[in-house]
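Colleague: Hints given; two lone chains; assemble the complex.
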Amino acid sequence: MSMDVTETLDVKGQNCPMPVIKTKGAFESLAAGETLEVVATDSGSMSDIAGWAESTEGAELVEQQETTDNGDDVYKHYVTKTD
Amino acid sequence: MSTETPAGPEGGLSADQAAELLDRIEDLESELAELRSEVDDSSNKMVIIATKGTLDMAYPPLILASTAAAFGYEVTVFHTFWGLEILHETNSKALKLSAVGNPNMPVPNVVAALPGMDRMTTRMMRNKIADNDVASIEELIEVSLESGVDLQACQMTIDLLGYDEADFYDGVTTGVGAASAFQEMQDADIQLLI
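The listed protein sequences derive, respectively, from chains A and B. If you count the first sequence from 1, you need to add 84 to reach the numbering used here. If you count the second sequence from 1, you need to add 577 to reach the numbering used here.
Everything labelled a hint here was simulated from the structure, so no lab data went into it. Any given hint might turn out to be false.
Facing chain B, according to a computed beta carbon distance under 10 Å, are these residues of chain A, among others [stated by the list, open to error]:
(1) L93
(2) C100
(3) K108
(4) G109
(5) A116
(6) T140
C-beta: ideal position from N, C-alpha, C; glycine also.
One chain only, chain B, in its complex shape (with noise of 0.2 Å):
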């Protein structure tokens, strides 16, 4: 037959093609190192959107995000509505505990509706966290920004509640929406809504 065209050995492929698979294995090659190299960089990341204002519900968010950066996460808490109030410098030293609607607390609806009742829970609350020992929310605030917690107002619910960014702890993140917390979502292998 023909001798025209060289063989390999075993008369397999041609020179041309076995260049034409080196090329497309070494492509592959490459694409692999790159697939391998992006899952390997892709650090761990939570992210948490805090919604709530009141006492009980402001420490979830801030335990979670300050445990979760000891673990080497990075780690961004979304604040909006009346989870801003964390973040508000004065608010969030008198955050308060609500007895209407919450059947663990001891006292009936009827009672917890009377004026002054949640200012009693809330002392009841306060006095608890701290015969256990339980950090303040001031102190957790502190600490998630410590730990290199990115702590996030929203800037809409700013407007919305008439708040200033000097409001807001040192070294919270103003200027952010609901797009940005998204993309920032998006990457995390963690994400919460409280």
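The shape of chain A in the complex, shown without the other chains (with noise of 0.2 Å):
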């Protein structure tokens, strides 16, 4: 599937809670209608950043992706900024 995607964050290889602080301070710098894509090796990232973007005014998670970089799981998270 193709994104739109304004910004690359990459967390690979950072854990709990960094991948969801990051991604708040990556988001603050989109304007509206921009997308972040985040790029996570921690599992839980899944949920964490789903949490945060339900939480979140303005944050809209369009789509988080499972796939496998050289035999290890990624986790990517798109989020739009809504206003």
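Modeller: So, in structure tokens, the structure goes:
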């Protein structure tokens, strides 16, 4: 699936709570309508980023993907700023 | 009957009574608006009292604090007693884990009490932390401060343990006591003692 990504945040190799904290930081610099891609290796980021987006005004979790990269599990999150 | 007091339509209220009621409605409306704005303005707030200074117990307050900040919470962590070690720039890098009285550790208490065992269990834990990509205490303090978390060091405990304000990380609030912590807890939605 192709996604119009404005910015990519790489938090591979970082564990809880870093993916959420860095996502929040990168999300703040987005303009309305822009989408942030977050690439993580922390499996907990699936529920953590979903929970963060649900509680954060203006953040919409568009999609989450579980993929593998050189045998490592990689979790991708797409968050759009709605206003 | 008498027509001295002009009655309202349907003969209900006098003009005075109606005016009084209108005033009363106006008062209630402004009171309601005031209450509404108070409710809307109350931003979310969390206060954590951090009392422990072992390597394992240094993590929960900092992880929760930085996460709550990412959720838009205003966060204060009040460090008291051994919790102060977390904010002490030198000591925070050498926090230890004790195997004594900790049934989750793989050694029995009689062995755990031997000299050098704390050093060994601490090293084990540090290796696990590094292997699992878990942030260091120093990193968590840094991101907490960057996200606007107010890390406070209890003044009474600073004096008690003979520390100096300069011993703490830059950005740590000193000169605070139980009353200011309590005042913050009064306004908070979440209060935790860790």
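Colleague: Could you tell me which of the hints above the structure violates, numbers in ascending order?
Modeller: 1, 5
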